[in-house]
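Novice: Listed in order, the protein sequences are those of chains A and B.
First residue of the first sequence: 365, per the numbering used here; consecutive thereafter.
First residue of the second sequence: 809, per the numbering used here; consecutive thereafter.
Hint data in this document are derived by calculation from the structure and do not stem from the laboratory.
Zero decoy hints are in this set.
Pairs of lysine-lysine residues, derived as DSS-like cross-links and limited to a Cα-Cα distance of at most 30 angstroms, are as follows: (1) B:K839 with B:K811; (2) A:K503 with B:K926; (3) A:K594 with B:K941; (4) A:K594 with B:K926; (5) B:K858 with A:K587; (6) B:K984 with B:K839; (7) B:K936 with A:K594; (8) B:K941 with A:K503; (9) A:K587 with B:K926; (10) B:K839 with A:K587; (11) B:K941 with A:K535; (12) B:K984 with B:K926.
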Amino acid sequence: MGRYLPGDSLVYRLDPRGKFLLTFYFVGIVFLANNVASYAFLLAFVIFAVFLSKINFGFFLKGLKPVFWLILFTVALQLLFTPSANPLWHWGIFTFSKEGLVIAGYIFIRFILIIFISTLLTLTTTPIEISDSIESILKPLKKIKFPVTQVALMLSIALRFVPLLVDETTKIMDAQRARGVDFGEGGLIKRIKSFVPILIPLFVSSFSIAYDLAIAMESRGYKDGEGRSKYRVLSWDRRDNIMVIFMAAVTGILLFLRSY
Amino acid sequence: MEKIISIKDLNYTYPEAKRSAIKNLSLDIYKNEWLSIVGKNGSGKSTLTKLIDGLIEADSGTIEVAGQIINEENIWEARTKIGIIFQNPDHQFVGATVEDDVAFGLENQGMPREEMVKAVDEALILVKMADFKERDPQSLSGGQKQRVAIAGVLATKPQIVIMDESTSMLDPDGRKTVLNLVQQLRSQQDLTIISITHDIEETELSQRIVVLNDGQIVSDGKPEEIYDLGADLQKFGLEEPFTSELVSTLRDTIKLPDGYLNEEELKEQLWKLHSNM
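Chain A on its own, in the form it takes in the complex (with noise of 0.2 angstroms):
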């Protein structure tokens, strides 16, 4: 995934909610692919969904990155373990096949589909349209008691204060380097041990901020989240529509060619 990547295009206006619901959604019918003309569909159509967004491409393959030794392994299980009554090359345990040569490449084409369609919300949709989202499709919920609007305060409120508690860790770790702590040395449990005088502080000074917080917001009048107007609406307009329904026919397509 990346980090929001401030940029204005037709999938930056999209509403938050439907590239959220959307997203999974493709993820999920990408495991419907079966065959080289469906991966290849599939594969057009992220592709032109990143054509779309008008984002460097550097973006998405960055996107990569993280996951890149899971895809490296689980292509190279598929390339030596497929069994096959016709192997290429046999050795031990290993078998090397034509079959496992396809299933090594659709798995590698599953995980860029879902990367890349991912990278594509988390790169065009803000934390807190995220959040939101999360809130508006949750709404249903509070028919059950559930407490679906504070929640989303939690969450954005989180989301918000995620940068202000990185720089307070990096602050208490030169603090302690002052103080002749080494972070980078030793063996596994002397790393892991020199984490402590870094956890104590930043848990101490998280509930000092989370006080003077909850001050703050008391003396600004936030009583339980009822009674609350909303300032960041969310509007479903026709282009949403229209991706919705872009979305089914590239579904009626996938079927088609899953029995082509």
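Knowing the structure of chain A, use the given hints to seat chain B on it.
Specialist: For chain B alone, coordinates are given in the frame of chain A:
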């Protein structure tokens, strides 16, 4: 002058504390005045703010805000009349962007969205932060964050603004901008300002200073009168303002008029010394 806050015989002790934080304190605050409450750490000044806003409950005594004695029932109404700017700009920023944060207080009041959009814009223009509307707090300087906090408070149209050490974490430029802005808003919006600080230099713009020590008022007067206390201020853990310290040292060698001189007045006196005009 019309009273806006009237505190009578207030007492407060923190749970499990041996000494009381506020002792028999009575204080009247007038409409549209800028009152500074100064005192060293632990003198009870922040406790007093929290009591005024009903964030903690007094052991005894009464607090009247805009003609109404605050109690558990009307506290939320009283809070709409009071806005507080806290010390750490990062710890009071609720929204993910500048505009979201300014809207927070309005959302709490359940204001319809169209009005909210207007009120947010107006408030941001007042503090000259309209260009930063969509920015996230992390990209702002301390002074800018405090200006956003002021906008958030102003949007709800309070009558009283309390600044609880709000400029103590800012650099000198940020501090100056924020204090001047508050001064300007005070006359523009007919606000009453209560600023709480341990730094006596920050009280220059106020009209009245109350010195707090051990939960009691030890001095109450115009800035000149308080600055004139000179070395007596040190008894209460406060430093004498630099200019007044300088004036008293200079008095040993050169003749200066009696009473407190601010920086400008002192300059005025000094440049005359070597002039033959």
